[in-house]
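> Take a look at the letters that make up each chain.
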Amino acid sequence: MGAAQALSAADIIGTVTYKGTPPPEKEITPILNDPTCAATYNGKAPTTHFYVVGPKGEFGDVIVSLQGVTGSTGAAAPAAVLDQKGCLYSPTILVLQTGQKLTVKNSDPVLHNVHLNPTVPENEKANDALINAAQMPNGADLTYSFVKPEKFLKFQCDVHPWMFAWVTIEDSPFYALSGADGKFVIKNVPPGKYTIEAAHRKAGTQTQEVEVKDTDATVNFTFEPK
Amino acid sequence: MNKKGLTNYNPGMHYFAILTAIMTFLLLGLGGLVTSHEAGMSVPDWPNTYGYNMFLFPIGKWVGGVFYEHTHRLLASAVGLLTVGLAVWLGRRDPRRWMRWLGVAAVALVVAQGVLGGLRVRWHMDNLGIFHGTTAQLFFILVCALALCTSRWWWQTAGPQWPQAPAGLRRLVLATTVLIFGQLILGATMRHQHAGLAIRDFPLAYGQLWPDTSATAVARYNADRIEVVTANPITAGQIILQMIHRLGALAILLLVAACAGRAWRQLGGRAGLVGGGGGADETRRRLAGVDPGSNRPGHRDRPHQQGRRYRHPACVGGRAGARHRGVVVRDCLPASGNFDEFCA
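Each protein sequence line maps, in turn, to chains W and P. With the working numbering, you'll find the first sequence wraps up at 226, consecutive numbering, no jumps. With the working numbering, you'll find the second sequence wraps up at 570, consecutive numbering, no jumps.
In short, the hints are calculated from the structure, not lab data. Computed from a prediction, not measured in an experiment: that's the story for all the values here. Mixed in with the good hints, there may be bad ones.
[Unchecked claim] Have a look at the derived ranges for each label pair, beta carbon to beta carbon:
1) W/Pro35 x P/Trp379: 14 to 24 Å
2) P/Val330 x W/Tyr41: 32 to 42 Å
3) P/Ile411 x W/Pro35: 37 to 47 Å
4) P/Asp352 x W/Ala77: 29 to 39 Å
[Unchecked claim] Computed far set for chain W versus chain P, every beta-carbon distance over 10 Å:
5) Lys26
6) Ala39
7) Ile131
8) Asn132
9) Glu197
10) Gly204
11) Pro225
The beta carbon of each residue, even a glycine, is placed where N, CA and C say it ideally should be.
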């Protein structure tokens, strides 16, 4: 838990690793039943991407964030973008800050309904008019904004019930999403002691303590099958 | 045969009630498909459909989950109209006051059911789906009752001469029915969690007779679940709910077997249980103390035929309406109507 000090900031860098064999992903076969959606895939159904794990255990799509840092807004940050392409959400894991705009696009030639399931009442109230909104092909973008932090808020399309995205809202700008190489960087962290958390929707949550001085700090996380 | 009742039998009304029941059955199935395909929210507005009057929504847009939800709405509209038609018909033609009120009740229930479905969409409330699914079953039972009570068979056989089953058997059947309804509510609750199967093996549960529902275990179950369409994580409560559902199914199996066995013993075996006029007659005969399945005069008939006093084993109290093993023995009355002659 740290008190942020506005001295010389540094980055927190690290790698997330998955040690072991994750559960096998499944083919999204229902997608082939919709001719418009199936056209994207040439008869070969895409798979789920719950565990993005590289050959050496590099673990992607893990949200790494500093805990207990509040008091800022992401209103000035560029809007995060969630697109619907090939009847899938892209990306499926997304993280943004409270106050930051989220733009939902429909790049498909088919209608979708954008259906949110906030568990934090303030976030539901803030987006009440668009909790379940139709989005026609090439329809106007939908814009959302969230006022409270929330982990893995589910976006879904009920027209195509295999379509999900999980949006996490953080209360500070100090977060990152691990890439396919498992690496992450949290930039410009003021010196101080922090609790840093790594959260994966399936693999769970881990925390560590980290102290940031005037040089980069390194934190690594390793997940294992439960 | 109740000839007076038969003059009131209206085949057109009966077939119309059957049509309503069949359409309701199809509607139930389609509603189940809506939930199975996670399509309940695929049409965000109600009563319109994507801004269109629902009856004018272009077929080309009936894609994916919209197909299930929109056809469910259309079929529900048809069932609503049929129900109103049936209620009006009953109101104008059926001499039985209680049947006319049942028709009114059916209209009220189908309207309430439609509103429930609409509010589930408008209010984004998954839990309303539980009530929607349960009310659907009640409405189906009501429409089936309307079809039954307008049938030729009903007019022929229903009435004061209809045998009364033993009280114990009636209580058992009632308890079984209540349990089945409870099981139905449990099932609807499970399905509207939108979490898929909370337990994925059977007959064991996560390899055990009773699964581990600790936080660590549930986290492990969720970590191993790779869902394609039902993405909500499962909870310990959902696992327990599903276990109760399984135990409920077992209890229902045993109770139904008990009902069947008891009915077999007390209503006259196969002859008393099979449908049709013969079966009903046999049941009546059985409850009246006549040997089932036989035209041979039973011991009921012998005393008064022979003109001597006789204590029938079923006549405990010595008066019409007395019971033996729970059987009302009003049919014990001899042709003379003098029960005392029969039961000294």
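> A separate judgement is required for each hint: does it hold in the structure or not?
These are the hints, each one checked on the structure:
1. The hinted window of 14 to 24 Å between W/Pro35 and P/Trp379 is violated, with their beta carbons roughly 49 Å apart.
2. Here the CB-CB span from P/Val330 to W/Tyr41 is close to 53 Å, at odds with the stated 32 to 42 Å.
3. Between P/Ile411 and W/Pro35, the C-beta spacing of about 39 Å keeps the proposed range 37 to 47 Å intact.
4. Separated by about 33 Å at the C-beta atoms, P/Asp352 and W/Ala77 satisfy the suggested range of 29 to 39 Å.
5. Listed as a non-interface residue, W/Lys26 fails to keep its Cβ farther than 10 Å from every Cβ of chain P; the least gap is roughly 5 Å.
6. Under the 10 Å C-beta cut-off, the non-interface status given to W/Ala39 relative to chain P holds; the minimum distance is some 13 Å.
7. Not every C-beta of chain P lies more than 10 Å from that of W/Ile131, the closest at about 6 Å, which undercuts listing it as non-interface.
8. Listed as outside the interface, W/Asn132 is inconsistent with that label: its C-beta sits roughly 4 Å from the nearest C-beta of chain P, within the 10 Å cut-off.
9. For W/Glu197, the non-interface assignment is confirmed: its Cβ lies about 16 Å from the closest Cβ of chain P, beyond the 10 Å cut-off.
10. Not every CB of chain P is more than 10 Å from the CB of W/Gly204 (nearest about 6 Å), against its label as outside the interface.
11. Distance to chain P contradicts W/Pro225 as a non-interface residue, since its nearest Cβ pair spans about 7 Å, not more than 10 Å.
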